[in-house]
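What follows is the residue order along each chain.
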Amino acid sequence: MSAPSTTLLTVPAAMTPAVVTDLSKRAGEILRGGGDVHLDCAALVRLDSLGLAFLTSLHRQAEAGGHKLVLHALQEAPAAVLAKAPAHPAEGEETPVPKLFEAVGGGAYALALEWKDVALLLSESLYHSTLGWRKPKTLLRGEAVTQMIRLGSTAISIVLLLSTLIGFTLALQSGLQLEKYGAAIFLADGIGISMITEIGPLMTAVILAGRSGSAITAELATMTVQEEVSALRAMAANPFQFLVIPRFWALTVTQPLLTVASALSGIFSGMVVALLFFNIAPQAFLNQLQGGVEIKYVFQMLVKSVTFAWLIVFIATVKGLGVRGGADAVGRAATDCVVTCIFAIVLADALFSFFFYL
Amino acid sequence: MTTTPNSPATGAPPLRIRGLRAGYGTRVILDGVDLYVPAGEIHVVLGGSGCGKSTLLRAATGLERPWAGSVELFGEPLDWTQGRPADESFLKIGVLFQGGAMISSLNVEENVALPLRIHYPDLPRAALRELAHLKLQQVSLDGAGLKMPGELSGGMRKRAGLARALAADPALLFCDEPSAGLDPVTSRGLDDLLLELRETLGITMVVVTHELDSIRAIADRITFLSTGKVIFEGTLEEAASGPEEVRDFLNRQPSSPGTASADVIAFHLES
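Protein chains in written order, with the working numbering: chain A, 1 to 358; chain B, 1 to 271.
Possibly wrong hints are sitting among the right ones.
[Said to hold, decoys possible] Short derived list, chain A residues pointing at chain B, Cβ under 7 Å:
#, residue
1, His59
2, Ala62
3, Leu71
4, Leu82
5, Ala85
6, Glu228
7, Ser230
8, Ala231
9, Leu264
To be clear, the hints were calculated from the coordinates, so they are not data collected in a lab. Note that the coordinates shown come from a computational prediction; the quantities given were computed from them, not determined experimentally. C-beta atoms are modelled at their ideal positions from N, C-alpha and C, and glycine is treated no differently.
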């Protein structure tokens, strides 16, 4: 060990944050150099919490390294404050680091419990919105209509706007390619089929997942957090009947309608593109469309849109009612809901493509 | 009041809990709790924060599934084999939640009438409104019936919650921290209200709280929880000679004294 340093650090009248930062640096250097820290406290009149905490931590740091913190000419007032320094460092309940098997087992158990809850929520939601819907004793009259307006019809403008824009882009891009082969008229088939079977249902579902799905989750999660769901349960009301059925019917009715609107607006903007850029008269476009679009495509659109609506309602319900914790959990649940919904919708769409075209 | 509590004719106690174990994840909250509440009693469950009071209340009301042990309401055990207790179990009880838990999309009147409207949707609206009016009057909230829950103050929301809990004339009422967060006058008013309800309707009550004034005002018997176990059960007078932790709690003494003088750092001082 090198010779003990006798550098005396001067402490000013008050231990401000700037002073503490500075002293901490200089004292640290002395300790690293292997010496004791000597502080001249003659001028120090006020020792606040930060100062106390600093001196305490410096003391512990010095002791741990086998050195000393020596306070010179400490006045009475700061000395009295210093007498409160706890001898033992802050102790928290340290979570023991689990061993590998414990970690894997505990994780799997927690996951199983979570999935059990999800399965229970899902089965109840499914039951009460299908087989159990005829027992709507807890269904408040008019609630489904209110939800239709809130979740469905207010989304019409954004659905129309986005579908029109996508129809426009799609028609222009595909028209330019088809024109090279002198087949621009087939634009009508392309737009018609893609808007009806793919873009319409998918776009509507994605918009509703972001708009209505997150709204359902946030509302149900807030109700859960504020014990409103518990209160319903304590009234012997089934929260699923009370909360899920109106939303289920709201989306089951409005989503196909919105999907039809989406497909029509996309086809309409395709027709405008055909007229403006490729000189195809609306009548010719419509004739070609009629020949190309079969009724089964419309059927596929409706099946898809209803399926997507149910996915949104069930995922939103499970995420909303399964929430535990406070305000942060509500936010997380809403985000989770949108991500899971979009994933489930795209996955279901892929499966539909598989079944419909193979 | 002409209504009569719908308590079953049997002599079974309104609430009996045996060997209750409950928790969240792998954390044990309640570890072998017994509780016996005879008819007509106001039983206060108390203890410091985080001792498991609220979990006990949620398990007793069938809102939380315990790990082990049994909960009997009027002699009938809560049956969890269907994933949750049957609706019938809930019909005999009323629960006042900590924040009132009013359904935010319904106004106060609709909230109060909800327990009946849910089960008897064909009841005439006028009768339901009258009932809500009656219950709101009982809790001195008449005039607030058409307000939305968001427009009420904390104390009003609790009283509205109490009106709703009483709507179906339960024979057993659970209250979760009825006076927490209220000013002393409102809090005292709520205590008086509970006493009056017991007097006029003979309702048995289980009140979870840690407000000492409230406990002294209403408790017939108390159960003291500490880290998930019952460490005392009896009257307040008996508590005076009970375990030290209970005595300290009732006398507002911290159980573990602050940093003792011997337990501080000896700094190296030089003059």
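Here is how each hint holds up against the structure:
no.: 1; hint: His59; in the structure: holds, 6 Å
no.: 2; hint: Ala62; in the structure: violated, 9 Å
no.: 3; hint: Leu71; in the structure: holds, 5 Å
no.: 4; hint: Leu82; in the structure: holds, 6 Å
no.: 5; hint: Ala85; in the structure: holds, 4 Å
no.: 6; hint: Glu228; in the structure: holds, 5 Å
no.: 7; hint: Ser230; in the structure: holds, 5 Å
no.: 8; hint: Ala231; in the structure: holds, 4 Å
no.: 9; hint: Leu264; in the structure: violated, 34 Å
Checked against the numbered hints listed earlier, the structure breaks hints 2 and 9; every other hint is satisfied.
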